[in-house]
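Novice: Here is how the chains run, residue by residue.
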Amino acid sequence: MASITLQNLVKQYGDGFPAVNDVSIDIEDGEFIILVGPSGCGKSTLLRMIVGLEDITSGDLLIDGKRVNEKAPRDRNLAMVFQNYALYPHLTVFENIAFPLRLAKGKHTDDEIRKLVTDAAKTLELTDHLERKPGNLSGGQRQRVAMGRAIVRQADAFLFDEPLSNLDAKLRGQMRSEISQMQRRLGVTSVYVTHDQTEAMTLGDRVAVLKKGVLQQIASPRELYEQPVNLFVAGFIGSPSMNFLPATLEGNVLKTAVGDIQVTEDKARAAAGKKVVLVGLRPEFFEDASLVEEHKKDLGSTFMAELTHTEWLGNEQYGYINFDPDPEVRELLNSLAAEMDADELRPQIVVTLDAASRIRGGRSAELWLDTRKMHIFDPETGDNLTRDAEAGAALTQEANTARAEEISEAREREASTAGQPA
Amino acid sequence: MKASRTKERVTWIIISVLVLLYALFPVVSIMATSFKLPSELTSGKFLPSSWTGSNYEQILVGSAQDLFLSSLRNSIGIALIATFIAVVLATLCAYAIARLDFPGKKVILTTALAVSIFPVISIVTPLFNLWRNIGLYDTWPGLIIPYLSLTLPISIWTLAAFFRQIPWELEQAAQVDGATTWQAFRKAIVPLAAPGVFTTAIIAFFIAWNDFVYGISLTSTEAARPVPAALAFFTGASQFESPVGAISAAAIIVTIPIVLLVLLFQRQIVSGLTQGAVKG
Ligand SMILES: Nc1ncnc2c1ncn2[C@@H]1O[C@H](COP(=O)(O)OP(=O)(O)OP(=O)(O)O)[C@@H](O)[C@H]1O
Ligand SMILES: [Mg+2]
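The listed protein sequences correspond, in order, to chains A and B. Residue numbering for the first sequence follows this note's numbering, beginning at 1 and increasing consecutively. Residue numbering for the second sequence follows this note's numbering, beginning at 1 and increasing consecutively.
Check each hint, because a few of them may be wrong.
[To be verified] Each computed BS3-like pair below joins lysine-lysine, with the alpha-carbon atoms no more than 25 Å apart:
1) A:107 to A:66
2) A:107 to B:187
3) A:71 to A:105
4) A:122 to A:107
5) A:170 to A:211
6) A:71 to B:187
7) A:255 to A:373
8) A:267 to A:170
9) A:255 to A:274
10) A:255 to A:296
11) A:105 to B:187
12) B:106 to A:133
13) A:255 to A:275
14) A:115 to B:187
15) A:170 to A:122
[Unchecked claim] Taking CB as the label site, the calculated pair distances span:
16) B:100 to A:1: 36 to 46 Å
17) B:190 to A:1: 29 to 39 Å
18) B:105 to A:318: 45 to 55 Å
19) A:75 to B:258: 34 to 44 Å
20) B:106 to A:16: 21 to 31 Å
21) B:191 to A:398: 48 to 58 Å
Rather than coming from a laboratory, the hints here were simulated on the basis of the structure. A virtual CB, placed ideally from N, CA and C, is assigned to each residue, including glycine.
Given the sequences, and given the hints that come with them, work out the whole structure.
Specialist: Here it is as structure tokens:
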């Protein structure tokens, strides 16, 4: 168990390219941190710097308050699960899991090693495969062997580099919940790299969003979702992603392609003075107006729009609205897209409708828009002009308390089962 | 559907048999000859009418013993030493090529390729003169050095290709698991690299063992003459007898180590050890 502190970490590769740029994160003991970001943003590099496989160009890395920049990987006592598992093909599953124990010479007797390995294998349901070679195992089993090798020794922290990316969707879901439960049960500090939305949102106590080596925001999943600091985070978190709608402000009214939106005094003040702003609207802010209860209707605004088509998914349906922006605004959307690593930001709005809605593509329909949680962004800097830092911090604080409770509960449960004779 | 599959199989079987016949016929023919009496050599029959071991006797304990056994000793010694040196040098070179980024990597590989396609026959005469001048003519090193020029390029190429496939990430995984740099190399990489090195050694050995041109041109006595060259110096029991039977027997004997090597180590040669290290 350990806390890990990253202070202004910078990584420059030989060609001078800063893969990680001035990243500072405080990881508390027992915390589960997720690193997300588009491909090539430096997630793996950052993880490898923590574990010691990559030199730190500048900045400090502290484990339990002690600076470890110059320490070799083996002296940091961290366990890592590699993206492609990195199992030793010439060793059996048993020997693969026992590998770190055997390296710690003199620390464990053969009997202890046998016991530790069989225990780990039991947790991971690998008991039947201990004598097989990794080459003969399925993807999920290999993944569990890699996991076994990490949990078998008393490492101070676990580091995961996209451990589930090679599994199929069903297995991924299963392993995700197993990792989550295991982390709570062991209460070990964990850093987890992924670019899967679901993994980031469900596993992490806090999620760090990186873009081109720069840390954008680190907060609980809920804070990221509800109070993003900028366009990038807002667009990256959530699926389908947030709609960005160009708008001009006139008094307390935002003029947009989907009609006028009345905004509150303070939001209007935050956006004042900008020629064009971007309104961030999540798909679920929209609803079929005919299905919205009367008393809720006043909390938002209604507008008429023609959906190009709809996609019915059973529990909900997606609708698509095209709008035709000015050339100037189109330019802005394109440069924004390049910024966010998307091919193009289409002048299109995605809306989530109730599964019961009878709205169909090609016809005009009345939609209702919940304006309470919308955000306004500065298109030049990308900053969120209406972010409520206090509300955000409160959300993250909530997550922190929940984590502390979960860990202590898990430990109590552990203690009580351990106390009982088996 | 089923019919077409059987037809396909039959076609394959026929092709395999044809290839086998083509490849094995000379070997079987030599083997048959090695058991013939000198009087039977020109009989035109494929199999000897009475099997005899006299040819083997002649080269192992009889009149040709000196010639054959000394050349066998030379062949084994020279081929082993050349193989050893080639494999050690090629391992270091291929490791550098696979792992490190340095200028001149391409140059090394193309040079190796160029050397290996350089016709042996065109350097053997200058080498003959040079060796005579500096005293390497008819010595072991006099053969080992040219053999290196044959074995090194192919060793470098096979090993470099092999090393490139090794999941080097394992070395890092081992370091995270608590290994020192040296331990990580020894416990995670060496077991994977060994089959490749081994295969290369066998190939290099074959090349050195089979050489004829250098062997006959750069030696003059039993001091260094290897088997393929020595065969040409066999004489019959009398000058009226053809030495073909003895030569065949010697050829069979020197083929045996090769066949044994392949049979014993075919598992290692076709090693699937690297499978499963990475995602499947
Ligand atoms: N050895 C290297 N030399 C030079 N540049 C490198 C090296 N390794 C990585 N980079 C660069 O550093 C940047 C970050 O790479 P990194 O592997 O950390 O990305 P990532 O966020 O893990 O991406 P992915 O999601 O694709 O795994 C990339 O732009 C990459 O090109
Ligand atoms: Mg990566």
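Novice: Next step is simple, just say for each hint if it's right about the structure.
Specialist: Outcome of the hint check:
no.	hint	verdict
1	A:107 to A:66	holds, 24 Å
2	A:107 to B:187	holds, 19 Å
3	A:71 to A:105	holds, 19 Å
4	A:122 to A:107	holds, 22 Å
5	A:170 to A:211	violated, 29 Å
6	A:71 to B:187	holds, 21 Å
7	A:255 to A:373	holds, 18 Å
8	A:267 to A:170	violated, 43 Å
9	A:255 to A:274	holds, 13 Å
10	A:255 to A:296	holds, 22 Å
11	A:105 to B:187	holds, 14 Å
12	B:106 to A:133	violated, 37 Å
13	A:255 to A:275	holds, 12 Å
14	A:115 to B:187	holds, 23 Å
15	A:170 to A:122	holds, 22 Å
16	B:100 to A:1: 36 to 46 Å	holds, 39 Å
17	B:190 to A:1: 29 to 39 Å	holds, 35 Å
18	B:105 to A:318: 45 to 55 Å	holds, 52 Å
19	A:75 to B:258: 34 to 44 Å	violated, 50 Å
20	B:106 to A:16: 21 to 31 Å	holds, 24 Å
21	B:191 to A:398: 48 to 58 Å	holds, 51 Å
Violated hints, in rising order: 5, 8, 12, 19; the structure is consistent with all others.
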